Amino acid sequence: MLTIENIEVTYYHTVQALRGLSLEVPDGKIVTLLGTNGAGKTTTLKAASNLLALENGEVGEGRIFFKGQSVLSIQPDRLVQQGLFHVREGRRIFTEMTVEDNLIAASYALDRRKEKPDYDKVYAFFPRLKERRRQIAGYLSGGEQQMLAFGRAMIARPELILMDEPSLGLAPKIVEEIFGTIKRLNEEDGTAILLVEQNAGVAFGVADYGYIMESGQIVMEGDVAKLKNDKDIQSFYLGMSEDGSEGRQSFRDVKHYKRRKRWLS
Amino acid sequence: MGQFAQFAINGLMSGAIYALIAIGIVSVFKATKVVNFAHGYLIMFGAYFYFTFSVVVPGQEWAPAWLASWQPDWLLAAKEGLPMFSPMGAVLDWVANLPRILFGLVGALFANAVVGLIIERTLMRPLMGQSIFAMIMVTVGLISIMSGSAQLIWTADAANVPYIAPNMPIRFELFGTMIFIFGTDLVNMVIALLLFGGIVAFVRFTKGGIAIRATAEDSSTAYSMGISVPKVFSRAWVLASTTGAIAGAILATRNGISPSLGLFGFSVLAIVLMGGLDSYIGVFIAAMSVGVMEAMTQWQLGGDWAEIVPYVAVLVVLIWRPHGLMGQKEVERI
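Chain order of the listed sequences is R and B. Take the first sequence: its letter number 37 is residue 224 in the numbering used here, and every next letter is one higher. Take the second sequence: its letter number 294 is residue 319 in the numbering used here, and every next letter is one higher.
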């Protein structure tokens, strides 16, 4: 579905954000991309949906293919019409418009296709949105806004959703609901999902395959089952202590991480 | 009371034209977040195009005679024996001018749309994604380019153009005083109000309007949802330049035509700020009230004051409400 080959991205011709990153999202699978702040996760997604040009970013080397076509020559509006939907970081709903108008705006993704927007499906999925249909979207709660962001994605009937930190700023209970939705989207419609997360625990709960990135590169990849059992991932991403005990760790024991990180990059 | 009504009506009529000009500034701002300082000069171009297609072209030797003055037999027969300054005579004069008026308006609409598209394509689009400030500065630069090139193309001489509607006087009694208005002013007002209403309805109630509002709020997200943002941008500029062409033609019939027409854009910019840059309704209220205030100060204090008083009111409003009367404040989540 989506193949990213060895891309390098620079902002303003000077700041290098990605340094030869490659990853692949197969049809109908959920792939998660984990990493610390500033690792370049969001940049990767923006490169894939061709939004970098609007932010002075540029893909220098490397290629990105969506359904066998290079995305770099396709404008973002055409890309979503071909089935690649980007749910952006911080949800980015249109706060000054009503819930309904937000969904109608997403129906532009169906232009040049025969399909009609299915608003009822969204409202059946999220009954809460139906109640608040005529409300200004900016006054929804964070969880409801995330539902709306998903709702917009569903209207567009994508084959691949790029999802940027859906858990951002939400309570654990809501996060659980949201990830349930992600799983459902994937299972019911067969939508492939590239999920960027900081919360490795929940991401591993739904994903089939995972990539770990650090300072603009992939440093580790594998099936989720394998990643979950990796010692480093357990201690750096899942917050478990090295020997599995609950006790506190001294800083000296963690320090090797820094060394390791330097070695990796 | 009758006097009051007369000046109020005069005020509303000039207010409607302010509103028509303001549409262009608001549309471009809503879609692209750029305050177009050069809008007045876009209007001036519209006025000159109207002049070109309704006066210069019909005056050429190769132009057919009916274009300059249409005089079928029945028109000449009807004109026969009419007294001077009769309303009927004004209408008949207008009919004789009709071909060149229509030619002028259509020509101005097309030519100005092309100018708007060229500006958007060559100056604004390459700056997409850069800071808005850069684009605003480009519009400031455009002022010099446009006023300079207008003088090169059309020279700086003042000229007159035919009225858009029959210019017959209309008299009626209100509160015991005779009210007196010109037919052409009334038609101008109706045109301005219809255009304004149509555009507001389009932005509010249609899918195309949703695309504009979505682009206004977050253009890159709109882009990534299938809305063609470049198309929204160029449509906004076309809308601004075509409504500007009509406003220019109207202004040219009222005040004659000269390069100083462009200055009009600045007073309208103040009105737009007062109404709230992104609110059609607020801008409409502001345009109407400035129009009426101007007429009232002219009546009570004389023409010298009419230039200042309304704009002092604009300043007061801005201090009281920095976003303008009905400008969108950011929606803060509670």
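Please keep in mind that the hints were generated in silico from the structure rather than gathered at the bench. It should be emphasised that the depicted structure is a prediction, and the values quoted were computed from it without experimental measurement. A portion of the hints provided could be inaccurate.
Computed spacing ranges between beta-carbons, pair by pair [stated by the list, open to error]:
{"hint": "1", "chain 1": "R", "residue 1": "Glu248", "chain 2": "B", "residue 2": "Leu340", "range": "53 to 61 Å"}
{"hint": "2", "chain 1": "B", "residue 1": "Arg346", "chain 2": "R", "residue 2": "Arg320", "range": "27 to 35 Å"}
{"hint": "3", "chain 1": "R", "residue 1": "Gln203", "chain 2": "B", "residue 2": "Arg229", "range": "52 to 60 Å"}
{"hint": "4", "chain 1": "B", "residue 1": "Ser156", "chain 2": "R", "residue 2": "Thr223", "range": "25 to 33 Å"}
Beta carbons: idealized from backbone N, C-alpha and C, even for Gly.
These are the hints, each one checked on the structure:
Remark: the range hint 53 to 61 Å for Glu248 (chain R) to Leu340 (chain B) is upheld by a beta-carbon distance near 55 Å. With their beta carbons about 31 Å apart, Arg346 (chain B) and Arg320 (chain R) fall inside the hinted range of 27 to 35 Å. Checked against the given bound of 52 to 60 Å, the beta carbons of Gln203 (chain R) and Arg229 (chain B), roughly 46 Å apart, lie outside it. Distance hint for Ser156 (chain B) and Thr223 (chain R): a CB-CB separation of about 29 Å, consistent with the stated range 25 to 33 Å.
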